[in-house]
Amino acid sequence: MSEARGASRALLEVDGLAASYHLRRGVSAALARRPQSVVRAVDGVSLTVGRGEVVALVGESGSGKSSLAQTIMRAHPAQRGRIRFDGQEITTLGSAQLRPLRRRMQMIFQDPYESLDPRFRVRRTVSEPLVIHGIGDHARRAELVSEALRACGLDPPELFLDRYPHELSGGQRQRVAIAAALALEPQLLIADEPVSMLDVSVRAGVLNVLAGLRDSGLGILLITHDLAVAASFADRLYVMYLGRIVEQGPAHEVISAPSHPYTRALVSVTPRRTPRTGGAPQILAGEIPDATRVPPGCRFHPRCPVATDACRRSDPQLEPLPGPGGAAGQHLAACILAPDRRVVQQTSR
Amino acid sequence: MRISDVQSEEVLAGLPSATLAPRPLARATELLRGWSAQVMLGAAVMTLFLLVALIGPAIAPYAVHAQVGHVYASPSPSHPLGLDNGGYDVLSNLLVGARTSMIVGLCAAVVSILIGGTIGVIAGYVGGRTDGVLMRITDYFLVIPDIPLMIISAAVFGRNTRNIVVIIGLIYWTTAARLIRAQVRSLRQRVYVRRAELLGASGRRVLWTHIVPQVTPLLIANTVLMIANAIFAETYIAFLGLGNPTTPSWGAMIQSSLAGGAIFYHAWWAVLPPGIAVTVVVLAATLVGQGLEDSLNPRLRAGHLAVRRFRLRPLHGELERE
Chain A
1 MSEARGASRA LLEVDGLAAS YHLRRGVSAA LARRPQSVVR AVDGVSLTVG RGEVVALVGE
61 SGSGKSSLAQ TIMRAHPAQR GRIRFDGQEI TTLGSAQLRP LRRRMQMIFQ DPYESLDPRF
121 RVRRTVSEPL VIHGIGDHAR RAELVSEALR ACGLDPPELF LDRYPHELSG GQRQRVAIAA
181 ALALEPQLLI ADEPVSMLDV SVRAGVLNVL AGLRDSGLGI LLITHDLAVA ASFADRLYVM
241 YLGRIVEQGP AHEVISAPSH PYTRALVSVT PRRTPRTGGA PQILAGEIPD ATRVPPGCRF
301 HPRCPVATDA CRRSDPQLEP LPGPGGAAGQ HLAACILAPD RRVVQQTSR
Chain B
1001 MRISDVQSEE VLAGLPSATL APRPLARATE LLRGWSAQVM LGAAVMTLFL LVALIGPAIA
1061 PYAVHAQVGH VYASPSPSHP LGLDNGGYDV LSNLLVGART SMIVGLCAAV VSILIGGTIG
1121 VIAGYVGGRT DGVLMRITDY FLVIPDIPLM IISAAVFGRN TRNIVVIIGL IYWTTAARLI
1181 RAQVRSLRQR VYVRRAELLG ASGRRVLWTH IVPQVTPLLI ANTVLMIANA IFAETYIAFL
1241 GLGNPTTPSW GAMIQSSLAG GAIFYHAWWA VLPPGIAVTV VVLAATLVGQ GLEDSLNPRL
1301 RAGHLAVRRF RLRPLHGELE RE
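Going line by line, the protein sequences match chains A and B. First residue of the first sequence? That's 1 in our numbering, and the numbers climb one at a time after it. First residue of the second sequence? That's 1001 in our numbering, and the numbers climb one at a time after it.
Read the hints as simulated data drawn from the structure, not as lab findings. Among these hints, one or two may not hold up.
[Stated by the list, open to error] Simulated restraints, written as ranges between beta carbons of each label pair:
#1 B:Ala-1044 - A:Gly-94: 52 to 58 Å
#2 A:Val-131 - B:Leu-1240: 52 to 58 Å
#3 B:Thr-1047 - A:Thr-92: 57 to 63 Å
[As the list claims (entries may be wrong)] Examples of chain A residues toward chain B, derived with CB under 7 Å:
#4 Arg-102
#5 Leu-116
#6 Ile-283
[To be verified] Stretch by stretch, here's where chain A covers chain B in the computed footprint (C-beta under 8 Å, at least three residues):
#7 1194-1202
#8 1255-1264
Even for Gly, the Cβ is constructed at its ideal location relative to N, Cα and C.
Using the sequences and the hints, build the whole thing.
Shown next as structure tokens:
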């Protein structure tokens, strides 16, 4: 898929999106006329998700992944930039105009213990979206609910329909949440850390459900801090750091040949099947900086193991890399040292 | 931990659904078992008083405002609680007066909860400026001195039962409003509420399907507590001579006996029975209300309505850290 074709046909196109949160000032700060501090959670992010494509968004806590998801879902206002869904601009649509579109873009949340109403039986949780959008009559809805449950591996559905969330295990709950999202047959699914709260033993099951959905043409934006999850399921990968995309490209290429020092650090601490081949884990010093005070120059330079003076001055943009993906305009990194990858590798050793 | 999770999933999947479907009756008895003896006792006493309120006029041995003997005649077999300053039978008045107290108590409690619940839910759900305005109004009502307001409104609007209900309701809605608002605000942030919003549910729908049912138990507990307040308020309104003069009530009995010199005649039987009746019914309502609140108010117990969640969460926090 070339970038040009992808741009015109993509299911979700996000272009230069920015979203911020205003922190409350105290009375004294307001009296002193100190400016209100602004958290730039998302600061100029562009990404695309195609039909039948799993796109992973990776980054550590505080990098703005969830804010980006909330903004794309229009639960949080966008400050700049554009969101296009299936070619339609949705950045500024009102809630009434959004409603028919909500049917086609669904979200699942991290915590399956929180995302289901504790008083709703499975039947009601899964049919709620159908009721909201006035789909089908009673009998038809029952069919759709059963279908959705079955598609999510809750088979036979009769076993689960009359249960309350507290009667289900974590993995079953997340499957119910996915079934509720799927009942509307959406085209886009935004999954915000769908397995991070689950036991390792049930993770694979839930991820397999998602992988099966891709084959039926669903576009999935998978948000995760777990590079291993991203590596095994995503077609393409975006690495996010402090509100920006710092590297993007085909998943296997980004993971086998990471270019941005941040991605390299993430990859180096991901457990491998053959531990000896991976090289020494590179533990990043310090925390992700406060998003109210973004460092000047490259925002990663305070923690970067290979930062030079130039990194403190210039704010790098995403540039295509040499190599197969980069040549095709697909593998990009925002690092002034990245284009000559050897330099980065030598310095980091 | 992991192994047990896998097992439980398999075990659950293997069981027939009938054994797993929640049985409403079992849930109700479980709830009842959780209630302490104080709730049971309070509920029994309240039921008794409600019964009296229903059938009191039918079982009262004498007419209410009928002189049936000497003024302040002592208790005797024909008049177990003696006679009052008008020569009226105290027991008959007590039985008939129960109806006024219970009607005013229940209605005023419902009025105050309706006002307070509505304002609390709107303020908590809409938030922002609406919330600010509604809460300032609530603060304003909270600091209104209630007795002067009652005196003035009785003078202005007339002394009938409906006005008493309205005025008590208007004074006591503030606690409910603040409690419900706080609860709704926390519910609004719940993921399942946000999820419903992202599904495209209208605000009204989210309110009625996800939020109001969650605060209803709290509203009920508060209503019962409010009954105690309202009965007490009705008694002192009547005691201050601001009640409905045509219907007998406990407060009015105490007021007329005291005014008629019951103390001077040592006629304790004319004052104590209505006083004790008020005390007992207020105590009973408080017992029930507090018992319900203990098990339902999230502020008094950290567990909120879905107690199980808190049992599971720490475990999953650990897993994530692994």
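Okay, the hints, checked on the actual structure:
| no. | hint | verdict |
| --- | --- | --- |
| 1 | B:Ala-1044 - A:Gly-94: 52 to 58 Å | 55 Å, holds |
| 2 | A:Val-131 - B:Leu-1240: 52 to 58 Å | 53 Å, holds |
| 3 | B:Thr-1047 - A:Thr-92: 57 to 63 Å | 59 Å, holds |
| 4 | Arg-102 | 4 Å, holds |
| 5 | Leu-116 | 6 Å, holds |
| 6 | Ile-283 | 16 Å, violated |
| 7 | 1194-1202 | holds (count 8) |
| 8 | 1255-1264 | violated (count 0) |
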